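Participant: As a plain string of letters, each chain reads:
Number of protein chains: 2
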Amino acid sequence: MADDSLVVFTPSGRRGRFPVGTPLLAAARRLGVDLDSVCGGRGICTRCQIRVSEGEFAKHGIVSAPDHLTEPTDREQRQRKTGRLREGHRLSCQACVAGDLVADVPETSQVHRQIVRKRADARNIRIDPLVRPMYVEVPPPDLARPAAHLRRLKESLREAFGARVTEAEVEALRRLHPTLEASGYRATAFVRDGRRLVDIRPGYRDRVYGLAVDVGSTTLAVHLCDLLTGEVVASLGRMNPQIRFGEDLMSRVSFAMMNEDGAAEMTGAVREALDELAAEAAAAAGVDPADVLEVAIAGNPVMHHLLLGLDPAPLGFAPFALATDEGTEVAAADIGLRRGAGDAARAYVLPCIAGHVGADAAGVVLSEMPYRKREVTLIVDVGTNAELVLGNRDRLLAASSPTGPAFEGAQLSCGQRAAPGVIERVRIDPVTLEPRYRVIGDERWSDEPGFEPAPSGICGSGIVEAIAELFLAGIVHADGTIDGELAARSPRIVRTGRTYTYVIRTGEPEIAITQNDVRQIQLAKAALYAGARLLMDRMGIDALDRVTLAGAFGSQIDPKYALILGMVPDCEPGKVTSAGNAAGTGARIALLNRRLRRELEREVRRIEKVETAVEARFQEHFVDAMAIPHRSAPYEKLRAAVALPAPPAPAASGRRRRRPAGRPA
Amino acid sequence: MADDSLVVFTPSGRRGRFPVGTPLLAAARRLGVDLDSVCGGRGICTRCQIRVSEGEFAKHGIVSAPDHLTEPTDREQRQRKTGRLREGHRLSCQACVAGDLVADVPETSQVHRQIVRKRADARNIRIDPLVRPMYVEVPPPDLARPAAHLRRLKESLREAFGARVTEAEVEALRRLHPTLEASGYRATAFVRDGRRLVDIRPGYRDRVYGLAVDVGSTTLAVHLCDLLTGEVVASLGRMNPQIRFGEDLMSRVSFAMMNEDGAAEMTGAVREALDELAAEAAAAAGVDPADVLEVAIAGNPVMHHLLLGLDPAPLGFAPFALATDEGTEVAAADIGLRRGAGDAARAYVLPCIAGHVGADAAGVVLSEMPYRKREVTLIVDVGTNAELVLGNRDRLLAASSPTGPAFEGAQLSCGQRAAPGVIERVRIDPVTLEPRYRVIGDERWSDEPGFEPAPSGICGSGIVEAIAELFLAGIVHADGTIDGELAARSPRIVRTGRTYTYVIRTGEPEIAITQNDVRQIQLAKAALYAGARLLMDRMGIDALDRVTLAGAFGSQIDPKYALILGMVPDCEPGKVTSAGNAAGTGARIALLNRRLRRELEREVRRIEKVETAVEARFQEHFVDAMAIPHRSAPYEKLRAAVALPAPPAPAASGRRRRRPAGRPA
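Residue numbers (our numbering), protein chains in the order written: chain W, 1 to 665; chain U, 1 to 665.
One chain only, chain W, in its complex shape (with noise of 0.2 angstroms):
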């Protein structure tokens, strides 16, 4: 024992004594190390790179030098000329103890490495894959010692990777022999959580894929993802075939309620076309189906209990009884991937929050992971209804408020569902109250040369935004009101009935925003409001440190203009901010990382659910949030940061009009 060499792992910092001659990888595995090996130390797959540190570490008592590990080996030489084996480093599973040292394990050989997500308020996601590949040779059956092809390959998984699988998928089973026979008994073995066998292939492989999955009402997208490295390698995305069943959350269950067979049908819709669009992600990035193993999926509500076959009538009524808000773990063939998964892939639904607060509203919340920090956030997820999530690492409160479809631009004269081609963008020239645009999938503004689209529509961010637009403009009043005195400034202010549009584009299609649009949106993010007001009051606070815009919608809209319209509470403009399609991100991390995987059941256990419908405040709150827009500390800094031009001509503000204080007149 005098004899032993005293071993230290950076950045762990774990540390142990082990006799000359033991295998590094063996020692970091008896310290619980955080140590890659796809080949379980094999010198193949070159995961369990360390770099032996040179010098004398006071802290630990010893001189570390690199030839206080055993020579280089054949194997770490034929890696090195492939380059695998970097410059200065050592395969761990090569190199044995031959004296004291500090060897230091870079992020590049963790399990648990880090990918950096795109968007740089982000936190990056560590990566914790629940499915591994295991590469083994197992001992040929021997008639002397019989034992099982699975017991055999259990017994040489413990061995090489220290795994005690337990359970094994039939499907598994069934490739065992095939699978041995043909390779000679060299495999990979693929287990998920450490203990259960899924699937087996002949020889060495280092690849392992997941699907993470967003079914939203309008769009179904998937990820697919290559589980070890957290690297996305193909995007798609598809309308919701269900859409044929009804536009909104509710006319769906309303189908479901009023056909006998109408949630088999959308379960049915939803199922096949994510399996098409699974197999077309595979084969987009060139990976074999069967090498997608784990599945992970958001949705609201709705969508959740339609894809698992929960018959969704209950959440079209008080008291909104979901039948399970927890996350669901379902054979991915269950749910209808079949041809666009592993026969052996699970699938992980998101838990719900509340029953309107869905896997979507979770997947959000794990993106964001506000129950991780100090400041108040709110988030807000924009749908049929609006998704809120308010609180920080103390507490976590959630409600929905009825916004209707209005965000979604639907039920407004001129309003379409984000798509190419329709409006997104609206700027109103305060002096010469013209309008110009921009629509989706062009980058120019409707005056600038060469514009060519002829829009289709206007979508729920461009309504917002040219509402707010003809507030600053001074055509659309506090009250909502489409100001008709100005018709004889503008030939596009026109009378309508008893109330005035605002025409933004004439011609065919005419575009135009009536006095019933701007009533629609006044209704819609009042609720919005009110409902985030309610929760900030259930809080006790009166001020919010951050907003998250989640979603679609979103992420379409500009955060300027959110705030202009008073769709959510006072904040510092430079703090609300759109995280982009962050139910799509939860369910990625959901995808990478068992771990977090239980944190987000567990928080979202923790979370106090708010029902709007029940609370009497709410309708206060409502009422006071219809005007635009509502007192607010922060709207002079927006005014200004609107940078608007000089303003209208005194002459037309007219006798209804309150005109924004500190605004020069």
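You may find that some hints are simply not true.
Note that the list lumps identical chains together, so a pair holds whenever it fits in one copy or between two copies.
To be verified - When the alpha-carbon atoms are kept at most 20 angstroms apart in a straight line, the in silico SDA-like pairs for lysine to any residue are as follows:
1) K59 - R207
2) K373 - R595
3) K81 - P202
4) K609 - E155
Hints in this document: simulated from the structure, not taken from any laboratory.
Computed from a prediction, not measured in an experiment: that's the story for all the values here.
Given the coordinates of chain W, work out where chain U should sit on it, guided by the hints.
Facilitator: Below, chain U without anything else, positioned relative to chain W:
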């Protein structure tokens, strides 16, 4: 605390102090007393009946009396009137502690009560069902405190039963809303292994069923059991439709190897037949197949593999590698049980022991439990191969012997599978050399008045009996030769080429035992004997305490004749018994008791596998065992037991005939 009363439960002896007013069921729960309840303490199921012992219990230092419980409640009085609450008993969910008392829990109130097995020597089965019904009243969904159905159900189950449900079948999730809604939120949940919700039904239900299945090469048998009482409510059998792909196991393995989809075709055939049989059993017992929630299956390795959809080809050749030798649990639907079982039913296939010692032998081990006994038992299950298990609580060994299909009647001149109308019993008069016989399905002997059947052949046990009787009558010599000299004395002995044949029945069809038939049986019995001897050598023993004959052949054969022929090594004749369909019994035990299922898995792992093919001594034993009878100590006793009349006239006793010693000349 000083006012707490002492409550002692018998027979467990568990005791504790409880405040006056504590329901007795709650006290029992707290102490972990085995006390049944399906209704969760609502006075509905009447399963929690106890009886207060009266008098002074010095050991416990208390005086117990019936009035140390609160007065009978209305509900108890009503149950008393219906006759469900027995005289002198109380419902422990209704009666509350009012003073010190000793409460006796009768067997009928225990979850783990025993069911009595019919065979005199068999241990009774203690019930410990995997699936239990739990009646709960779930709070309706509440807008003010939203929680999903599953969450509220789980809380109710925890409160009423202390059950910690952590998982749920999607099928059960699907039923949650409609079931709870339709039943006014009073429903029975079916919980598997204390943690998985598998089904839910409206209102109070206290029945749940399971299927014990024995998949034989020739026949399929199912036993539909009440999981809570252990009662067999229906037993049905039918031919294994795989027979059209080959009579014996090896021809089915060949079929799998010679035909592209051969294995899949056989898998489909057996699954379909099993599903039909299960549905028929349910119909026969008036049970809704949806109430069948658990399945346990035994079968030889080839049947095991084919049922699970695993390729049986590797079992046809050395090294006879099983895909798995562990107990395998799958969804019952995944092995084709769709009409005959509930959609959330699980199927458990017993572990195999070795490549030729299957889940049927494991079933026999579970039925006979040699691992709990001091005496050394040899268990023999004869099919195409004989599966052998030898040992006691200290050590168990297993092997298979290549007996070939002779014992099943195959490859013999008049051999047939056991079926109605086939000869199963034969006696030969040692004086006249005339035979008499009995056929399956008829109690009369062929020489009794009114005997009519024209047998179509002779089954395996019939041939064994015939040859033993021929030997006892002096017609067959110890070396197996049919004595041609006797042709002069009886027209039954006729020359066929260079050898002789004994004709049991003349006419159409003629039924005879040829010299070749004797040779085939000699080879088979020598293989069986040699395998058993080999295991005894390994174990270092020379004599057996007990021999158990299992399987169809084992239950048909008269143990006497097995000993006379030398099929098994020496043993007290009274200790050679038939276990009937012990594999089926084992499946039934695995169905009814989850702990014994685990116990079997542990014991199976402990069994040492001996491969006869690689043991030189097997050949030696085999050659030694060809003669009839093998020189054995109990032979003399047996010889007497057969109770022969006076021996044949000495004139005919030929030169090569060895006269049994001790028999009057």
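Participant: Determine for every hint whether it applies to the structure shown.
Facilitator: Each hint, compared with the structure:
{"no.": "1", "hint": "K59 - R207", "verdict": "neither (40 angstroms within a copy, 68 angstroms between copies)"}
{"no.": "2", "hint": "K373 - R595", "verdict": "within (18 angstroms within a copy, 47 angstroms between copies)"}
{"no.": "3", "hint": "K81 - P202", "verdict": "neither (26 angstroms within a copy, 70 angstroms between copies)"}
{"no.": "4", "hint": "K609 - E155", "verdict": "between (48 angstroms within a copy, 18 angstroms between copies)"}
Violated hints for the displayed structure, listed by number in ascending order: 1 and 3.
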